[in-house]
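Start counting the sequence shown at 128; every next residue gets the next number (this note's numbering).
Rather than coming from a laboratory, the hints here were simulated on the basis of the structure. Just so it is clear, the structure is predicted and the values come from calculations on it, not from any experiment. All C-beta atoms in this analysis are idealised placements derived from N, C-alpha and C, irrespective of residue type, glycine included. Check each hint, because a few of them may be wrong.
FRET-style restraints, in silico, Cβ to Cβ [unchecked claim]:
#1 Phe154 - Thr307: 17 to 27 angstroms
#2 Asp155 - Thr389: 41 to 51 angstroms
#3 Ala371 - Pro337: 41 to 51 angstroms
#4 Trp130 - Leu418: 41 to 51 angstroms
#5 Ala371 - Glu295: 31 to 41 angstroms
#6 Pro147 - Leu418: 15 to 25 angstroms
#7 Ser172 - Gln134: 39 to 49 angstroms
#8 Asp219 - Arg310: 11 to 21 angstroms
#9 Leu418 - Ala371: 23 to 33 angstroms
Distance condition first, Cα-Cα at most 20 angstroms in a straight line; then the derived SDA-like pairs of lysine to any residue [unchecked claim]:
#10 Lys396 - Arg424
#11 Lys396 - Thr307
#12 Lys248 - Arg281
#13 Lys248 - Gln230
#14 Lys396 - Leu180
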Amino acid sequence: MHWLGEQAPDSDVVIRCPFPARRNPHFDRLVVDTERWFVEQGVFSRHPDADRLTRQFLRHQGAEEHARMWPDAEYPGLWLAARLLTHMSCLDDFLDEIWGPDQDDHAAHVVGLIADILNDKADPAAVAAEPLAVLLDSLWTETRSVAPEHWLDRAARIHLAYLETSMEERALRAASAVPTTARYVTSRHYNGGMFYAAALVELANEAWLPEDLSGRPEITDLALRLSNASTWANDLFSYQREAAHGTGANLAVVLTTHEGLTEDEAVTKIVELVNAELLTLDFLCDAAAALPDPAARYADGVRALASGLMHWMAGTARYTTTPSA
Numbered sequence: 128m129h130w131l132g133e134q135a136p137d138s139d140v141v142i143r144c145p146f147p148a149r150r151n152p153h154f155d156r157l158v159v160d161t162e163r164w165f166v167e168q169g170v171f172s173r174h175p176d177a178d179r180l181t182r183q184f185l186r187h188q189g190a191e192e193h194a195r196m197w198p199d200a201e202y203p204g205l206w207l208a209a210r211l212l213t214h215m216s217c218l219d220d221f222l223d224e225i226w227g228p229d230q231d232d233h234a235a236h237v238v239g240l241i242a243d244i245l246n247d248k249a250d251p252a253a254v255a256a257e258p259l260a261v262l263l264d265s266l267w268t269e270t271r272s273v274a275p276e277h278w279l280d281r282a283a284r285i286h287l288a289y290l291e292t293s294m295e296e297r298a299l300r301a302a303s304a305v306p307t308t309a310r311y312v313t314s315r316h317y318n319g320g321m322f323y324a325a326a327l328v329e330l331a332n333e334a335w336l337p338e339d340l341s342g343r344p345e346i347t348d349l350a351l352r353l354s355n356a357s358t359w360a361n362d363l364f365s366y367q368r369e370a371a372h373g374t375g376a377n378l379a380v381v382l383t384t385h386e387g388l389t390e391d392e393a394v395t396k397i398v399e400l401v402n403a404e405l406l407t408l409d410f411l412c413d414a415a416a417a418l419p420d421p422a423a424r425y426a427d428g429v430r431a432l433a434s435g436l437m438h439w440m441a442g443t444a445r446y447t448t449t450p451s452a
């Protein structure tokens with residue numbers, strides 16, 4: 128990983144981030160609040176290994192990720208955005224690894240409850256029985272108190288698409304199947320969570336895009352490029368761990384399986400693709416900044432988001448092959 132302003136490494140197989148690495152000045156407070164809050168939620172409480180899973184999740188350094196993703200946010204926006212993304216990350220862990228194939232019905236039930244919350248038709252009694260549903264119900268209620276209705280509708284649609292494609296990925300994993308390149312690239316936009324993270328730029332920075340502006344190509348293209356760069360880079364950093372788990376939903380696995388590339392060729396190809404997307408994202412952020420306010424703040428927020436994600440992925444313990452105890 129190479130950062131803007133650093134001496135260039137003597138290698139072509141390097142992700143070159145054109146955005147500076149920054150961190151929110153409220154970082155220390157966010158770390159303390161996140162750890163206390165996450166432990167209090169007890170999202171792993173129904174699991175026999177709850178204490179270990181809680182420690183492991185906190186060691187992934189999500190608070191640092193969020194402080195780098197939203198370095199300019201005031202604390203209220205940062206805190207809410209961080210908790211919403213933490214919930215999605217935790218749900219991702221359940222769907223990917225914690226709930227085995229023998230818990231497909233339970234996974235589908237919880238995903239259905241979360242979808243009901245987002246569709247504003249949840250059964251309170253059913254929600255109360257599932258910690259992940261309880262948590263999102265509380266967070267979504269809090270979000271409704273600060274976010275405009277058009278943003279809530281858009282964020283809900285994005286989250287629902289994440290749920291649908293994540294369940295499809297779960298089915299592929301259970302079947303030990305590797306999706307085609309076309310299918311993988313399309314689904315990764317949704318189950319990678321980056322469209323959701325891009326929407327949270329508005330919430331964290333209070334840079335609410337008007338409904339007509341949020342749908343313009345100059346804006347939607349930013350989320351698309353962010354998604355490509357971040358999820359493909361994620362696939363590089365997580366490749367060894369996911370390969371060890373037999374996960375086919377990884378671009379390196381897809382390219383070696385369906386495109387006839389060697390592992391080294393696939394890695395080189397992905398690095399080239401990530402670098403191209405980051406440069407294009409930088410260019411498109413300049414173009415988007417010319418749109419009416421708050422487009423410039425949103426574009427700056429997307430740049431910071433990309434930088435923060437790259438910085439976190441390069442250092443987190445989340446992608447170690449053997450999780451720590």
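So, against the hints stated earlier in the document, which numbers end up violated here? Failing hints, ascending: 1, 4, 5, 9, 10, 13 and 14.
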